[in-house]
Amino acid sequence: MTSAGFVIYATAGVALIGAGAFGLARARDALRRIVAINVAALGVLTTMVALAARGGGEADPVTHAMVLTGLVVSASATALALALVRRMAHLRGEEDADGHDG
Amino acid sequence: MGTTAETLLAHLPIAIIVIPLAGAVACFVLPRAARALMAVLGIAGTVASGWLAADVLEHGARGYVVGGWAPPLGIALHADGLAAALVALTAVLMTVCGSLARPRRSGDAFFTSWLFAWAALAVVFLSDDAFNVYVGLELLGIASVALVASPGTRPALHAALRYLAAGLTGSLLYLLGAALLYASEGTLSFAGLEDAGGAPAAAALAFMTVGLLLKCAVFPLHGWLPGAHGCAPAPASAVLSGVVVKSGIYLIWRLWSDTLFGVPADAAANLLGALGVGALLWGAAMAWRAERLKIVIAYSTVSQLGYLVMAVPLLRTAGVEALAGVMLLAAAHAFAKAGCFLAAGAVLARRRSDRLETLAGLVSQMPIAAFALGVGTVSLVGLPPSGGFAGKWLLIQASFAVHAWWWAAVFIAGSLLSAAVLIRALAPAFEAAPADCASRAERAGASEWTALAIALGALALGPLAGPWTSLVTEGSIP
Amino acid sequence: MTGLEAMLPLWIVLTSLLCGVVIFFLPEERAGLRTAINLFGATFKLLLVLVMLAGVEDGQRYAFEVPVVAGLVFALRADALSMLFLTLSAVLWLLTTVYAVGYLEHSQGRSRFFGFFSLCVSATAGVSMAGNLFTLLLFYEVLTLVTFPLVVHRGTPESVAAGRIYLAYTLGGGAAVLLATAWLHALLGPVDFFERGLPALRTLPEPVLIGAFWLLIAGFGVKAALIPLHGWLPRSMVAPAPVSALLHAVAVVKAGAFAIARVIYDLYGIEFAEFLGVLKPLAVIAGMTIVYGSARALSQSELKPRLAWSTVSQVSYIALGIATFGPVASVGGIAHLVHQGLMKITLFFCVGNLAERLGIHRVDQLAGCGRRMPWTMGAFTLAALGMIGVPPFAGFVSKWYLATGALAVGEAWVIGVILASTILNAMYFLPLLHAAWFLEPPEPSTPESAEAPAMLLGPPLVTAALALAAGLFAATSLSPLSWAEAITAEEYGP
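Chains A, B and C, in that order, give the protein sequences. Heads up, the first sequence is in our numbering, so the first residue is 1 and it goes up one at a time. Heads up, the second sequence is in our numbering, so the first residue is 1 and it goes up one at a time. Heads up, the third sequence is in our numbering, so the first residue is 1 and it goes up one at a time.
One should not assume that every hint holds.
[Said to hold, decoys possible] Under 8 Å between C-beta atoms, here's a sample of chain B residues computed to sit facing chain C: (1) Val66; (2) Gly68; (3) Ala324; (4) Ile396; (5) Ala404; (6) Trp406; (7) Ile412; (8) Ala427.
[Stated by the list, open to error] DEER-style ranges, computed between Cβ atoms: (9) B:Ala61 <-> C:Glu57: 51 to 61 Å; (10) C:Met7 <-> B:Gly198: 57 to 67 Å; (11) A:Ala79 <-> B:Trp405: 46 to 56 Å.
Hints listed in this document are in silico derivations from the structure and should not be mistaken for laboratory results. Cβ atoms here follow ideal geometry from the backbone N, Cα and C, with glycine treated the same way.
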């Protein structure tokens, strides 16, 4: 990867982290927070990809392994978070239904 | 020793991880047999951990390379005294508290999550490089969130989501730090990082530390803990407060006093110490205002974690003496807190409420639970002859040894503060029951006796402080 | 000395510990079994103590040590001073157990009560036999913990409030002792008790020594009810009578006074303490406590608080005796440890009987009760006269030695304090005696005596007799006075 490429990826990574952090600070509900954290996670991983190729020549496979692991973990955690959000909405729906009946 | 035993011994570190891991999968596949599996694997895991600890005590630290593939591509495990002690502590608490868990439905993934959490803790404690630790922390986070969410009620789910958000953010910060570290040092193995220094390593340390602080609820990043530990079922709260939060603190100790010791960060270490004091005070203040017993106990964890973080500057200066003290404090806290949560759970189950104003008559109606709470309080406050006292004593001596006498004053003042908070919560239990209630003692259930047994473990750590500290300091920081 | 015999100190602590643990698990209804275990434990312990006493008289040295962690050693030792306190508490435990069984016959939670009661005696035994500052601290704090459930036993809001105040004071005191102990440990290593003071202590700079001294005195002074640390004692009178009797006449307050004696005699050494100049201020504080306590006792209209303030005052005689630099005064102070224990416990037993049988809690209800409960009031009278200091009662002996000792070293103000306190004692005891014996009871007395049953009457009669004997036979070699002389001789000797 050329030096310009490194700069682009690194900048993109940092920008994504910033966007995610900003979104996290401004998030009002759980779903938005999850999305924000995902964006930030992608930012961190992109930065790592950039760091992997910094020295020029072959990209470092160990870092790529770390990035892949990070992606898998992030996906699983997001799945759990979404399941929790769905469950909470379901409970809220039940409560509303009860409220109407009662 | 026969060669079979030697082979087994050589593979202990990986066995300690694999046993609960395989068990988690088995519990998922065979939910009906989950309780039985839990019991069997609990005993196996405890025996393995105990064996490892005994071996480390006698022969020193032990390493293991998974699959024979050497690092950096392979995974290396390293069991020194500190790790072995924590692994043993985890095994005992996981087995004992797990035996008391009563998930809502038998098809639940409760035991699966439980065993995943155990495996993850073993990974965190035994790993020898920063990235494996990340994997362990993630697994731990997911499993713990599942445990918190298991009651399925609105407050529990809400607390679980907050925990998850905090955990993920913490992991990201940690990962960022690890990436920086790798970029500047070229390796992530703890052994290789010992000579790290310079600005990138310092920045990496900062990121990783903040991430870990978030994950283990150290002030001021502790907001998710009281809700999560307060809403979880009692056995889950017991291990969450007992060992799960210790995983992050363990890593902070490692990084600051062992691995990245070369990084010139003494001022930052004192900042961490100050955060510890903040945790102590804030936790006490919030516990003073709490109205439910479980919330008081959860905020007490926030407070007690303050001691463990306060030890960081001492670990950097006083070395082994401080390590012995802080591990005594950590182990005593694990037992005492687990005992308190289990007892509070029994109170909640029997009386339908753990609000402080309804505690009157507890001492005559549920004497075993009340006694467990009392014994736990003795250790949390740090009164002799408990392990909490022994830990504080060693830390006070360490402070005097490095002429940092203000820490000694903080430890003693902290004891008085914890005493005030816990006595305020528990004194109503001594009041006579309202006239219309029976004041005969009811038969104590298994959870009450277990709570008492665990709390007595905290008391036993006082006299047993010698063996525990020998184990912990074996092969650890010089 | 065989191995078993060498572990006598440990056995003595363990006896009541094991009894306590067993009693905790007894069902409430098994009163007979519980009483049997209680009495067996108390008697067995007393036997062990007497065996050890004989050994110490012979010159045997008992020691039990086990290292804990990092230079901390758990050490039990039996010397003359320990035996004094230990024997007193063993004898009085037996008597109080008998009394408590009778007093609490129909109460709730007796298993819990007697369990903690036994643990309390264990802790007291540990305090008396502590061989180093750490062990003393250990048992001192354990004493706080196991007495708390006894103070709050009744479960009323006042009891629980009194218990919280008790904990606030005693845990605060414990923190002061912990700080001093940790400090000295960090500077010196193990802080053992050594006859005439620990030599290594003298190598420390003076400010450190004086600071540590006052921390220790403040910490131990809470239990010894030195002003201004005495606030918990009158309030803890809401506890049942056996608790007030044993704890606040013997175990807790004496533990504080005993600890002060240990610190001055066997940690600093009396001569060194005098050199540091800390004895005079302590004597002044003790003197002020004596007068203040007696004055407050006068203004109490209820019996138990009156006795509580009297305790505040009388326990400081011990501190005053120790802090007055001179062997004779010290003899008076140490002997008073026993004398005051015997007399005060008698008074509390009797007041408990009056409350139980006749419902008397206030001073103005005492009219004529001498006719209705003659034996109880008889014991009360003996003890009260002893407290005032009428010869030949024990109280007179201690006061005499204190006064002459003070005069011998030129501290004449001490005599003033003793005189003032004696007058005040008379002023708050004599009216009680007068009302009991010389006034008519409010309603015509019933034909049958309202006297207390044997279990409640026996103990006060025994302790009153002992108090009388301690005074009458003070010159013999078995008396507390001779014992105190032996202890003092060791401390001041050539």
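query: For which of the previously enumerated hints does the structure constitute a violation, in increasing order of number?
result: Of the numbered hints, 1, 2, 5, 6 do not hold.
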